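Okay, so the sequence shown: first residue is 0 according to numbering that gives the first Met the number 0, each after it adds one.
Hints were generated in silico from the structure; no laboratory data involved. Given the structure is predicted, the values throughout are model-derived calculations rather than measurements. Heads up, a few of these hints could be off.
[Stated by the list, open to error] Derived DSS-like pairs: lysine-lysine, alpha-carbon spacing no greater than 30 Å straight-line:
| # | residue 1 | residue 2 |
| --- | --- | --- |
| 1 | Lys282 | Lys55 |
| 2 | Lys154 | Lys58 |
| 3 | Lys55 | Lys154 |
| 4 | Lys282 | Lys58 |
| 5 | Lys58 | Lys284 |
[To be verified] Cβ pair distances, simulated, as ranges:
| # | residue 1 | residue 2 | range |
| --- | --- | --- | --- |
| 6 | Glu112 | Pro9 | 50 to 58 Å |
| 7 | Val229 | Gly8 | 24 to 32 Å |
| 8 | Gly8 | Asp115 | 52 to 60 Å |
| 9 | His60 | Gly18 | 20 to 28 Å |
We put the CB at the ideal spot given by N, CA and C, even for glycine.
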Amino acid sequence: MDITAASAGPFVAGDSNPGTVRTAPGGVGRNIAHNLCLLGDEVSLVTVFGNDDFGKMLKSHCRSLGMDLSLSQTVSGARNACFVSVGGPDGELLGGVADMAVTGLMTPEWLEERMDRINGFDAVVADTNLPAETLSSLVACCEPPLYLDAVSSAKASRLRQALLAPMLHSDRIFALKCNRLEAESLGLWGPGVSDSAYASRVQRLYISLGSNGVLVREDDFVQQMPSLPVTGIVNTTGAGDAMCAGIVHAGPDVDAASAARFGLECARCSMMSPEAVNEDIRKLKYEQIS
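Produce the complete structure using the sequences and hints provided.
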């Protein structure tokens with residue numbers, strides 16, 4: 000759950016500031032799942048919920064979208080994952096606190112209990128809120144095309160171990176979506192990329208460049224695709240999650256550039272809403288855009 004506070008005027012540290020406070024479902028993996036539901040996909044969310052009020056609110060919201068939660072777990076006495084942010088009137092983030100301890104309960108053993116059913120899906124999407132050991136187990140055992148989202152440069156470090164994990168069903172991860180900073184931290188951008196042990200383990204790489212679009216790499220094919228024009232950007236939070244959802248929705252059978260093109264359409268739609276997920280994304284159809 001995201002709790003977002005914004006001061007109405009210049010923020011005064013150490014004092015109570017008038018402003019607005021909003022609560023909304025959040026999280027990279029959950030946002031991607033939300034977008035996929037709106038795009039018409041059948042989605043199962045595999046996670047751990049706390050049994051507090053936030054956990055109950057989040058489960059209720061996920062079910063209202065049609066998400067299957069049968070592989071998820073509610074842990075008695077655990078706090079649901081939550082992020083509290085404080086920003087100024089211009090939207091600039093002043094600080095925040097992330098309470099993500101519950102994600103540590105998704106251990107390799109926890110994953111193993113669900114792996115047979117996970118391997119029955121058409122595609123699997125994971126983010127780096129998973130512990131590093133669990134990510135490695137997922138990479139090693141996943142049979143369907145696996146899409147990974149790096150989330151942040153700090154959490155992208157959890158991918159280093161996973162990217163070098165032995166794979167039982169494939170020699171490469173199907174797709175990784177990250178931004179430039181995350182790509183640099185993994186040796187996927189900049190000098191020495193050709194010698195990077197990580198680069199050879201990813202079949203499709205999507206590097207988000209913000210207003211400059213996205214860089215797409217598959218084997219020897221590299222293309223920078225410009226961002227799409229947006230009139231009156233309302234909010235950029237969630238645009239990367241929407242892009243990832245669009246890439247996944249396009250499917251592994253289309254070429255990497257076509258998937259990225261639809262991802263950029265989804266990102267543009269996201270930026271036209273104050274929410275992290277724009278309900279209007281349901282109006283986008285890959286067949287019409289491609």
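Would you mind confirming whether the straight-line C-alpha gap from Lys154 to Lys58 stays at or under 30 Å? holds, 25 Å
Taking 50 to 58 Å as the stated bounds, is the beta-carbon spacing between Glu112 and Pro9 within them? Taking Cβ atoms as reference, Glu112 and Pro9 lie about 51 Å apart, which means the hint holds.
Hinted pair Lys58 and Lys284, Cα distance within 30 Å: Holds - the C-alpha atoms of Lys284 and Lys58 are around 27 Å apart, at most 30 Å.
Check the following: the C-beta atoms of Val229 and Gly8 are separated by a distance inside 24 to 32 Å. With Cβ atoms ~28 Å apart, the hint holds.
Quick one, are Lys282 and Lys55 close enough, alpha carbons at most 30 Å? holds, 29 Å
Range first: 20 to 28 Å. Now tell me if the beta carbons of His60 and Gly18 are that far apart. For Gly18 against His60, whose Cβ atoms are near 24 Å apart, the range 20 to 28 Å holds.
Between Gly8 and Asp115, does the beta-carbon spacing fit 52 to 60 Å? This hint holds: roughly 55 Å between Cβ atoms.
Is Lys55 close enough to Lys154, meaning Cα to Cα at most 30 Å? holds, 26 Å
Check the hint pairing Lys282 with Lys58 against an upper bound of 30 Å on the C-alpha distance. With a Cα-Cα distance of about 25 Å, the restraint between Lys282 and Lys58 holds, given a limit of 30 Å.
When held up to the earlier numbered hints, the structure conflicts with none and fits them all.
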